[in-house]
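Below, each chain spelled out in residue letters.
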Amino acid sequence: MTKELPAVLLEEEDEQFRVSPGGWLGRGVVWALLAWLVLAVPSNFLSPFEIGVTDINGFSHAAIFAIVGLSLNVLIGYTGQISFGHQAFVGLGAFVSAYVVTDLGWEFWLAVPIAAGFGAIQAGVLGLISLRLTGLYFAVVTLAYGMFAQESLFGIAAITGGEAGKAAPRPIGFESGYAYYYLCLAFVVLVLWLDWRLMKTKSGRAMQALRENPRVASSYGINVKAFTLLAFAVSGVFAGIAGSLLAHADEVIVPVEFNFQLALLFVLMTVVGGLRNRAGVVLGSVFFAFLGSGKLVEWFGLVGFVEGVIGLPKEFVALVIGPILLLLTLTAFPGGIGQQIAPVKMWLLGHRFDMHAGEVNEVEVTDVRA
Amino acid sequence: MEELAIALTFGVLQGSVYSLVALGIVLVYRVSGVFNFAQAEFGTTGLFGAYIAVVLWEWPFYLGLLFGLVVAIVMGLLTERLVIHPLRNQSKVTLLVGTAGVALTVIGIQFWQFNDPLIRQLPKISDAVYVTPFGAPIMAQQLITLAVLIVAAAALAVFLKSPAGLAMQAAQQEPVACELVGVSVRRVSMMTWGIAALLGGLAGVLSGAYTIFTAGFLTFGVGKALLPGFIAAVLAGMKSMPGAVAGGLVVGIVEQFGGLKMFGDVPGASALLLLVFLVVVLLLRPQGLLVRKATA
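Sequence order for the protein chains is F and V.
Its first residue numbered 1, the first sequence is counted upward by one per residue in this note's numbering.
Its first residue numbered 1, the second sequence is counted upward by one per residue in this note's numbering.
Just to be clear, a hint being listed does not mean it is correct.
Distance condition first, Cα-Cα at most 30 Å in a straight line; then the derived BS3-like pairs of lysine-lysine [stated by the list, open to error]:
#1 F/K202 to V/K239
#2 F/K202 to F/K225
#3 F/K225 to V/K239
Since the hints were derived computationally from the structure, they do not count as laboratory data.
Predicted model, so just to flag it, every value in this text is computed and none were measured.
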């Protein structure tokens, strides 16, 4: 006797649901507030806050961190590989960019693609080596590369200017910190667009397939190695762009900035932000950028509490809170920040407010050997 | 020639720390298939445990060292229970990030609790220093580490042949079949992480006393053993125990060659040599040394 299987329930958009004029007004107000926060507040336009010249650099850094987060998202989120040497990719991008502008006297607009190219080459070569074996060998190879870059490569004074650092002037028209912030924002939009376009192509779908299960993907004729390499290269390009922007944001870059802790922070912010979720990754990166520089603690007036009661210097807050957030994200909220903000995001995009939007329904892989 | 002999001696001695770390990495990889980035941090945690007991609480010295090892084992078991077990069906990269998260959490706590003063020191088991015929000063502590490595590796070899050890190897190959014949995969997993943490703890408690230490000592501090440990494990094909021991010693020697006079002008020559060595191994013999068949 055959039993009838339960009908498959497709999640259909509620056809009856129409946003009322009041609803659109509410959404409009929230959109305007967001735009105001991102576009107007940093340049003190219609804003009750006073963002100083040093603080605006923090905003630029946050935008650059968002690019780094998106870069790591391509690796961890799309292909299931991980890099512990991203500080080296970003760092080399920064020094190459500074070298091109300062020593060669070329334009900033040329330095960015050159830095991006260096990023792609580094990630591609390391990827080629680590893909000799199946498994997460990229993590070990990039770890070794990061240590090498930190101790050896960035110690070559001809490239990095030694301890004193290397000058990296900003491009004409963007000399002020405020103007430069908008330049960084523009690059975030560019990277977001590239990322979105990439995921819409055949390559993007191939990458997602091979992340789910490389064996099944290869049996469908997907060249696993080639597409993993492509992802490495794309990630390297994004990291190079971020490095170039970082160099010119600080105007003087010193090698010690690019240490292993930075690589760990990059991984933290990407995973906590929420893998495969662009809005989440960007928010996570921005959050950790401000937390790492101690600005977030200052803004909320928590310096006294954190340093006095808990006994933690404010620069260490990210190092202590971040990992705990990471473990919580992994074990309890796999979607990260992206999952938490999903209801609001869907509402903003004109859907009904649904508390359960964005819940991650991971297909359980029973064969762990795959 | 003398210089070379000194580098070899120091390499083997420093390499024995890497071997201990690599043994733990390979053991965990064989059972859980995870690149365990918390392995070195088991050591630092054990080191801090021993430091708290010996220096802060003024316990008897050996009891304090034992306490450090117990702290490391507890951390290993907690890692398995709280992070590895809940994530066992997730992708490998999630597990890897999980172990890195464990390491970072512990480093964070160390920074928070021990930032004043940042630099600490644990007394050595023996303060004696010997000078070899060719002029290399060797700490007795380093010889003790080498001896502990030999004992630990031998004990591990015997253990893997015992019923419990065989159960461990069986569980890694066929978890389902193992459950059917009455081997508790859960218990085996706990045991593995416990032993791995003990190996890490030994490395930490012994090598931490070589010099001063800070938070994250074995991960990225002065005594960083995580990367060398991983290179040694790769050299062992991520599965051979003797390979891990030999790999650690080889990596130690390669690293010491970075200090030779011929590399005097190269900044960070040790890190450069380690990277080149890893790349060469992956290019020429990706399945590892001392491993007969290629990994499936």
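Hints versus structure:
1. At most 30 Å may separate the alpha-carbon atoms for a hinted pair to count; F/K202 and V/K239 exceed this at roughly 37 Å.
2. Between F/K202 and F/K225 the CA atoms are separated by roughly 15 Å; this keeps the pair inside 30 Å, and the hint holds.
3. Distance restraint check for F/K225 and V/K239: the Cα-Cα separation of roughly 24 Å lies within the 30 Å cut-off, and the hinted pair is therefore satisfied.
Violation of the numbered hints given earlier is confined to hint 1; every other hint is satisfied by the structure.
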